[in-house]
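We have chain A; now place chain B onto it with these hints.
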Amino acid sequence: MANKRKSFGMCMDIEFPYTDEESDISEKVKRPRIKIKVFSDITKNWEVLDEVLADTGADFCVFPRFIGSLLTEDITKGKYVEIKGVVPGVKLIAYIHNLKIRVADKEFVAPVAIADSDDVPMIFGRVEGLDLFDADFFEGEKLTLSWK
Amino acid sequence: MVIKVEQRFEYVIKVEGKEVWRGLNPTKVFFEIKRQNPRKEISIAWRTKEKVLVCVWI
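From first to last, the protein sequence lines stand for chains A and B. Using numbering that gives the first Met the number 0, read the first sequence as starting at 0 and increasing by one per residue. Using numbering that gives the first Met the number 0, read the second sequence as starting at 0 and increasing by one per residue.
For reference, chain B alone in the conformation it holds in the complex:
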């Protein structure tokens, strides 16, 4: 039996604002992309497929 887990979120890595990678585990790829693009702006975003976001408090 195969249990399929729905992917609710993902990380997105961008080079100079352009998406170059999406996935769940950016650990290795983030540093590799930084290494390959030493003078460019590398940014990371988090996205969800959830369609409602609400407030949080602590």
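Bound conformation, chain A alone:
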């Protein structure tokens, strides 16, 4: 079977080294964190979001409330959703907004769940996010995102 990366043809890519973070389980844990830009309807500029967790376990991108308020006038105007994780019975209220996102030179529109809480990480999830890229999580050291 052909290597998907080779069959990708001419492509661009960007690398993000994993960052060392504290862990209860091991001394350190490395996490794939990326820098993205999101267009703000408030400032009419591309705002830079740093240390966003690239999370293949997340269906959608998720931003905390302040970040949402920086990007859109009223976060509650998005579609109401309840985000669930692995903790039974716990739900987080969020609102889906279609936001313009840039990863390096690649620009796209993705549905983003803006949480009604600030106690929520910035997450770059799969749908219209990571799935747009050939994502290579290389040996727990770096994430390379490639695209045509």
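Worth flagging that the hints you see were computed from the coordinates, not collected in a lab. If a hint is listed, it holds; no wrong ones were tucked in.
Incomplete in silico selection of chain A near chain B, CB under 7 angstroms:
#1 50
#2 118
#3 121
Taking lysine-lysine and the DSS-like style, the derived pairs with C-alpha atoms no more than 25 angstroms apart in a straight line are:
#4 A/99 / B/13
#5 A/36 / B/17
#6 B/39 / B/27
#7 A/34 / B/39
#8 A/141 / B/13
#9 B/17 / A/29
#10 A/34 / B/27
#11 B/39 / A/36
#12 B/27 / A/43
#13 B/48 / A/34
#14 A/43 / A/78
#15 B/27 / A/36
#16 A/76 / B/27
#17 B/48 / A/83
#18 A/90 / B/48
#19 A/43 / B/17
#20 A/141 / A/29
#21 A/147 / A/34
#22 B/39 / A/43
#23 B/13 / A/29
#24 A/29 / B/48
#25 B/17 / A/27
#26 B/33 / A/43
#27 B/48 / A/141
#28 A/36 / A/147
#29 A/76 / A/90
#30 A/27 / B/48
#31 A/34 / B/13
#32 B/33 / A/36
#33 A/43 / B/13
#34 A/27 / B/13
#35 B/13 / A/36
Fair warning: this is a prediction, and the values are worked out from it, not measured in the lab. Ideal Cβ placement from N, Cα and C applies to all residues, glycine included.
Same frame as chain A, now just chain B:
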């Protein structure tokens, strides 16, 4: 009686990648830092002291 609430997360504002502010409410300071640095890249990050992060789905 004083009730101390543990701060589990914080926002971090960076100018050209260098941290210049940390805290819970970046609303005013973010726009002030942007105003003071009109030609520089201002970025914002969210950090937690929680030591395990897990997946989410909707």
